[in-house]
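S.K.: Position chain B relative to chain A; hints supplied.
Spelled out from the first residue to the last, the chains are:
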Amino acid sequence: MSSYLEIDNVSVVFKARGQSFVAVQEVDIKVEQGEFVTIIGHSGCGKSTVLNVIAGLVEPARGGAVLAGREIDGPSPERAVVFQNHSLLPWLTCYGNVHLAVERVFAAKESKAQLAERTNAALELVGLSHAKSKRPNEISGGMKQRVGIARALAMEPKVLLMDEPFGALDALTRANLQDALMDIQAKSRNTVVMITHDVDEAVLLSDRVVMMTNGPAATVGEVLSIDLPRPRHRLQLATDPRYHALRADILRFLHERQGHPVAA
Amino acid sequence: MLARNGLAAVLPPLFGVSALVLVWALVAQGSDYLPGPGSTLTSAIELFSDPFYRKGPNDQGIGWNLLASLGRVAQGFGLAALVGIPLGFVLGRFAMISRAFQPIVSLLRPVSPLAWLPIGLAVFQAANPAAIFTIFICSIWPMLLNTALGVASVPQDYLNVARVLRLSEWTVFTKILLPASIPYVLTGAKLALGIAWLSIVASEMLTGGVGIGFWLWDEWNNLNMEHILIAIVVIGVVGLTIEQGMNLIAKRFDYRSH
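So the protein sequences, as listed, match chains A and B.
Position 51, counted from 1, in the first sequence is what numbering that gives the first Met the number 0 calls 50; the numbers after and before it change by one each time, with no gaps.
Position 112, counted from 1, in the second sequence is what numbering that gives the first Met the number 0 calls 111; the numbers after and before it change by one each time, with no gaps.
Each hint should be verified, as a subset may be incorrect.
[Unchecked claim] Taking lysine-lysine pairs in the DSS-like style, the calculated list, with each CA pair at most 25 Å apart, reads: (1) K133/A to K250/B; (2) K157/A to K111/A; (3) K108/A to K29/A; (4) K186/A to K157/A; (5) K250/B to K131/A; (6) K29/A to K157/A.
[Unchecked claim] Chain A regions said to be covered by chain B (calculated; three or more residues, Cβ under 8 Å): (7) 62 to 69; (8) 88 to 98.
[What the hints assert, rightly or not] Beyond 12 Å from chain A on every Cβ pair, some chain B residues (computed): (9) G35; (10) L40; (11) S48; (12) A99; (13) P102; (14) T170; (15) I241; (16) N246; (17) D253.
Because the hints were derived from the structure by calculation, they are not lab data.
Fair warning: this is a prediction, and the values are worked out from it, not measured in the lab.
Beta carbons: idealized from backbone N, C-alpha and C, even for Gly.
For reference, chain A alone in the conformation it holds in the complex (with noise of 0.2 Å):
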């Protein structure tokens, strides 16, 4: 029985100036239907690219990936990105952004009407509706990156990758759109790849964690299962000792054991 979401003895080579660099090698990460996964390694170490291979971004030198029985050849709706820097089209109010995406997976099968209700239906859900007809340039990049978000999920993606989504923001907005997703998610339970280098966040919101070893050539060095019960509550966990052993374990992977090569 295959998973539905395998990234199957993956290897990136980057060419540059006539030098070849491999930046990931023999990368397998299977993912269940509905589970969230988190990708996590220090920077460098080429999380990225293997969240760009899922995406079609990126060809793999050697290996491949494969989607609900699908091999993953160039990108797709199907597989919905929200970028690190929200992406967001600056000529486009936070409905048109989202509306382009809708539009684009929708239109062919569905109405006008029934388009306007998916971008609504999307703004809704990551509580943007009040925004829509801003642009990204007025509101917060808190709030840029809900609509990224939303437009990723307004798309039903098969896989919604997330590439270090939080990354460029505050800490208390950070929470507040980890909370945001997790409420998001306890409602439909989406398939996520997410790119990370915070520990919090990953045990707070992972089912599994893919530790990944320093790069070049960088790997998966260990996966760990985070079984903490839902829903979650960070509060509730900064008092669970089950939390801490989680944090420590991967604390000590990646400073132990991937302790960083260059200085940082």
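M.R.: This is chain B only, laid out in the frame that chain A set:
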């Protein structure tokens, strides 16, 4: 408060202009050729009291001359926009084509527009199309290069969005490339119009006919220095108006200023 701000905005420029007029008057006093502000003003009032007279092909009101020049600029600039902006999009989007065109553009861009005038005259066998051709040549480069730059510098993030959504090339163009590069296109258009207005005066001096450049040269032949000074001011005012107009348009269409 508002009145004080208004004064602060108006006073320094007023002072600058007054100083210039004063220096002009002083210099004119000691010069046999340079008319003073007074006689120039009298001459200007007379000139602008009847700007649209026609007394034969080479003696027409300053209004007609000005309109003729603006018409040539509009035609040459319009043609250049029609060719330069689409070509700029192609060059910005496809690196190979850009590399093919690069040496041609680099070689021809620094050439003075007036150097093209003989070719225009030879090809079209008439002064008017030759002048328009000159305007076309000189205004195409800034539009082409700025458009190409705008398209090439569309952030990769936006293009990644397009790739993940698998937008069609047409949707990528209308929803991403076009809005992202409009500020660059308009900057190119502004530069092009500025150069076009500089060039038209010079090419009309050479081609003759009707036009503010020709008129200025004609007044030199008549040794009417007042009219030459008036022509300079008129050319400056028109150029400034074009530039300010373009700034307004650019601001209106720049997504960053909303």
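S.K.: None of the hints should be skipped; say for each whether it holds.
M.R.: Taking the hints in turn, this is what the structure says about them:
This hinted pair checks out: K133/A and K250/B have alpha carbons roughly 19 Å apart, not beyond 25 Å. Restraint check for K157/A and K111/A: satisfied, since their Cα atoms lie roughly 23 Å apart, inside the 25 Å limit. With a CA separation close to 32 Å, the supplied pair K108/A and K29/A exceeds the 25 Å bound. For the hint linking K186/A to K157/A, the alpha-carbon distance of about 16 Å falls within 25 Å, and the restraint holds.
For a cut-off of 25 Å, the pair hint linking K250/B to K131/A stands: about 24 Å separates their Cα positions. Of the pairs offered as hints, the one joining K29/A and K157/A holds, with about 15 Å between alpha carbons and a cut-off of 25 Å not exceeded. Here's how the segment 62 to 69 of chain A fares: 0 of its residues keep a CB closer than 8 Å to some CB of chain B, so the rule of at least three is not met and the hint is violated. Coverage of a stretch by a chain is defined here by at least three residues with a beta carbon nearer than 8 Å to that chain's beta carbons; for the segment 88 to 98 of chain A and chain B the count is 4, and the condition holds.
No Cβ of chain A comes within 12 Å of the Cβ of G35/B; the nearest lies about 53 Å off, and the non-interface call holds. With a least CB separation of 48 Å from chain A, L40/B remains clear of the 12 Å interface cut-off, as annotated. With a minimum CB-CB distance of about 49 Å to chain A, S48/B clears the 12 Å threshold, and the non-interface call stands. With a closest Cβ-Cβ approach of about 23 Å to chain A, A99/B is found to remain outside the 12 Å limit, as its non-interface label requires.
For P102/B, the requirement that its beta carbon stay farther than 12 Å from each beta carbon of chain A is met, with the minimum near 24 Å. Not every beta carbon of chain A lies more than 12 Å from that of T170/B, the smallest distance being close to 8 Å; the non-interface claim is violated. Chain A leaves I241/B outside its interface by the beta-carbon criterion, the shortest separation being 26 Å against a cut-off of 12 Å. Consistency note on N246/B: stated as away from chain A, and its beta-carbon is indeed over 12 Å from all of that chain's, at 19 Å minimum.
At the 12 Å boundary, the C-beta of D253/B falls inside the reach of chain A, the nearest C-beta of that chain being 9 Å off.
Hint violations for this structure: numbers 3, 7, 14, 17, all remaining hints satisfied.
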